Amino acid sequence: MNLWAGAFPLMTRSYNREGMASRSASLFGIDKSLTGKAWRWRGGNMDLSDGPGGLENDIVTQLLLSRGVPREELDRHRTPSLRAFLPDPSEFRDMDAAAERLAQAIMTGEAVTVYGDYDVDGATSAALLILLMRSLGHDARYYIPDRLLEGYGPSGEALVRIAGEGSSLIVTVDCGAMAHEALEMAHGAGVDVIVVDHHKCSPELPRAAALVNPNRLDESTIGANHGHLAAVGVAFLLAVATVRTLRRQGFFAERREPDLFALLDLVALGTVADVAALHGLNRALVAQGLKVMARRDNIGMSALIDASRLNRAPTCSDLGFALGPRINAGGRVGESTLGVRLLTTTDPDEARDIAAQLSRLNEERRAIEQAVQEAAEAQIDRQHNRAVLVLAGAGWHPGVIGIVAGRIKEKTGKPTLVIALDADEAGNGKGSGRSITGVDLGAAIIAAREAGLLVAGGGHAMAAGLTIAPDKLEALSEWLDSRLATDVSHASANQAMLLDLALAPGGLTPTLVETLESAGPYGMGWPGPRVAVGPVRIVKADIVGADHVRLIVGGTDGGRFKAMAFRSAETEMGQALLHASQGRRLWLAGRAKIDDWGSRPQAELHIDDAAFAD
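When we follow the numbering used here, the leftmost residue of the sequence shown carries the number 1, and every step to the right adds one.
Don't read these hints as lab results, they were simulated from the structure. Mixed in with the good hints there might be a few duds.
Stated by the list, open to error - Below 27 Å or equal to it, Euclidean Cα-Cα: the simulated DSS-like pairs (lysine-lysine) are: (1) K562 with K411; (2) K472 with K32; (3) K37 with K540; (4) K37 with K562; (5) K540 with K562; (6) K291 with K37; (7) K472 with K37; (8) K411 with K291; (9) K562 with K32.
Model, not experiment: these values are computed from the prediction.
The whole structure should be built from the sequences, with the hints applied where relevant.
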């Protein structure tokens, strides 16, 4: 008897020649759910009924197949390891030159400054290189620009000042790929700059001793295949290359080599917080990094976990929703150096103080974010015909516009730019954008800058930043609408609620959740499994917190569970759930999670969508 057969009685489907489930027909006849989506299978053979098939009946195997893993690579992806996924760093353009230059500085005791961005990816990248050099007997300095006073990326003035303070080598992390003028000024000041970045590049690269970026237009095939890396992943590859270079030069003849694996907790945090795609190497880096994080070897990371009130080993979602936002809060509404200071300190008392300060700043950030989001959402109706939303306002805090853009993008299904007007001394607006799958916003922003619509701008497919003169706002909005309308239309037409499996209410168990989680870690590009549960009737519905809908539901099989629909009380779906207790049956779709607040863990459902069953 198949272990899951009783729990998954609804798995019959048709398959095409490649064995992928047919997605032409809607699931359970749901062509328009309460969020307006059709329900379809994600893909892959998920028939868990009795019968032959070996691995074909293994739920983890099916989750891997449905995420695009070839059958011949199932074992490699089942337990992602660095041995299986780590490329030779030398395959990346300029990697050997960067490693040679950094190794030279370490061996000769040169003064080195790491110049990082003020977000989580920048903070973790900077901390990684600082800790690497510290383990090699070299104390590097760091410089994190102030988001409000200096803005994104290295400024020429700052680089020249750092050179004047004695540093002969500067390593920029998570920035610098488009800093042509600033790096030219650094060269004029006689300082070498290594750029470690992952943002999109222009055909002409800035002057640098080395520029390591898998998204260089002239990158090798292997390097370009790793364009999904966050900057902290690129920094880790530089660490590997640097240690290898030092090994060849006999540096470790009388000293131990550093434990590079100990740095993977930083890589995991930066990768997840930067919403990098969690497939291939990134998935291996995060999977192994979570194991390192559970050991709590990094004093600052341990204090951050405690400040986040986690009484267990952090999960991938904790990195994105608990740890990452606290690090980000320093750069958004507080002091930009707090993240790097926390992640590199050796003093437990200092670590606790900084972590507590970041938690307070995060609460402040939430209040500011809510006010900006309400003001931005008030402008949406006036742009309902636009393919890309461009929302701008005076007095909006530049530190939260990226978060607000992401929230509105999720709510509307459209790429969104949120711009804080008069955010710099010249009266220009600072903007941050978030995109939807299938629409490359970063490339569009770079093209808009080249078209003379922006003072500055760049990014990657899913996120971008810009500086704009206020009188160019309308022109930018029209230009983006014209350039991206077709892409947005195609992406929106292909939007569907993709499901991995369906089950009766009694099948939602802690054992099921553990099995689903074993195919993780999940995130961008490696979506968490979404299950359909039903039909159910709502036993109880109420609002908790500001606007979360909480349900108790039950099925005819006797199964009963709690479900939560976050930030949905005012939505059409939320209202339907709150008033659907008059007897109508529903299908619920969402993520199966563990509720461990009670005396024993229970499975619950975090709702993404719902549809009436009759």
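Hint check results:
| no. | hint | verdict |
| --- | --- | --- |
| 1 | K562 with K411 | holds, 24 Å |
| 2 | K472 with K32 | violated, 39 Å |
| 3 | K37 with K540 | holds, 25 Å |
| 4 | K37 with K562 | holds, 23 Å |
| 5 | K540 with K562 | holds, 9 Å |
| 6 | K291 with K37 | violated, 37 Å |
| 7 | K472 with K37 | violated, 35 Å |
| 8 | K411 with K291 | violated, 34 Å |
| 9 | K562 with K32 | holds, 24 Å |
Comparing the model with each earlier hint shows violations of hints 2, 6, 7 and 8; every other hint is respected.
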